[in-house]
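*Asks:* Mapping of the sequence shown onto the working numbering: residues 1 to 111, in sequence order.
One should not assume that every hint holds.
Said to hold, decoys possible - Simulated pairs of lysine-lysine, DSS-like, Cα-Cα distance not exceeding 27 Å: (1) Lys61 with Lys40; (2) Lys60 with Lys96; (3) Lys78 with Lys20; (4) Lys78 with Lys40; (5) Lys61 with Lys96; (6) Lys40 with Lys60; (7) Lys20 with Lys61.
Unchecked claim - Restraint-style ranges between C-beta atoms, simulated for each label pair: (8) Asn10 with Asp82: 14 to 20 Å; (9) Ser59 with Leu95: 34 to 40 Å; (10) Ser98 with Leu26: 25 to 31 Å; (11) Asn53 with Ile9: 18 to 24 Å; (12) Met58 with Asp88: 21 to 27 Å; (13) Ser94 with Asn50: 27 to 33 Å; (14) Val100 with His36: 17 to 23 Å; (15) His36 with Phe67: 33 to 39 Å.
Derived from the structure by calculation, the hints contain no laboratory data.
No residue lacks a Cβ here, since even glycine has one placed at the ideal position from N, Cα and C.
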Amino acid sequence: MILIHNALINNIKRSEAAYKVYQQGLTYHQALHIFHANEKIYEELNFLLNNNNIDMAMSKKIFNYIFYLEDWFLQFSKLENDIDDIEDRFSFVSLKHSIVYPSSFLDDVIQ
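The task is simple: from the sequences and hints, build the whole structure.
*Replies:* Shown next as structure tokens:
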């Protein structure tokens, strides 16, 4: 059994809630809400890897989430360079061969 911090669970929920808000306007300032939650998720996932004895199946799920976030951060940084105003459109296009959002992650780790 791995120790899942409430911070990880809450920040995944926070990121998903921020994404719903972002979808309504696709602006930079809305995307920043996702960014801040995703930073916390990234920290918690790395903490989880470093402080728990995790089986291979769960490790793969954590790695995939980390890889997804790393791709997301790269794309965010690239788009951020073109922003002049916080209300500017900030729209993501999926990268070729990138890992899709692990929507079942919470269900997988809480079970």
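*Asks:* Would you mind marking each hint as holding or not holding in the structure?
*Replies:* Hint check:
For the suggested pair Lys61 and Lys40, the alpha carbons sit about 17 Å apart, so the restraint of at most 27 Å is met. With a CA separation close to 20 Å, the supplied pair Lys60 and Lys96 stays within the 27 Å bound. Distance hint between Lys78 and Lys20 is fulfilled; the C-alpha atoms sit about 22 Å from each other, no more than 27 Å. Only pairs whose Cα atoms come within 27 Å are accepted, and Lys78 paired with Lys40 is accepted, the gap being roughly 20 Å.
Only pairs whose Cα atoms come within 27 Å are accepted, and Lys61 paired with Lys96 is accepted, the gap being roughly 20 Å. Pair hint Lys40 plus Lys60 holds up; C-alpha atoms about 19 Å apart against a cutoff of 27 Å. Distance hint between Lys20 and Lys61 is fulfilled; the C-alpha atoms sit about 23 Å from each other, no more than 27 Å. The supplied range of 14 to 20 Å is broken by Asn10 and Asp82, whose beta-carbon atoms lie about 31 Å from each other.
Taking 34 to 40 Å as the suggested C-beta distance range, the pair Ser59 and Leu95 does not conform, at roughly 23 Å. Taking 25 to 31 Å as the suggested C-beta distance range, the pair Ser98 and Leu26 does not conform, at roughly 19 Å. Take Asn53 and Ile9: their Cβ atoms lie about 20 Å apart, and the range 18 to 24 Å holds. Here the CB-CB span from Met58 to Asp88 is close to 39 Å, at odds with the stated 21 to 27 Å.
For Ser94 and Asn50, the Cβ-Cβ distance of about 29 Å falls inside the hinted range of 27 to 33 Å, so the restraint holds. A hinted range of 17 to 23 Å holds for the C-beta pair Val100 and His36, which are about 22 Å apart. The beta-carbon spacing between His36 and Phe67, approximately 20 Å, falls outside the hinted interval of 33 to 39 Å.
In summary, the structure is inconsistent with hints 8, 9, 10, 12 and 15 from the numbered list given earlier, while agreeing with the others.
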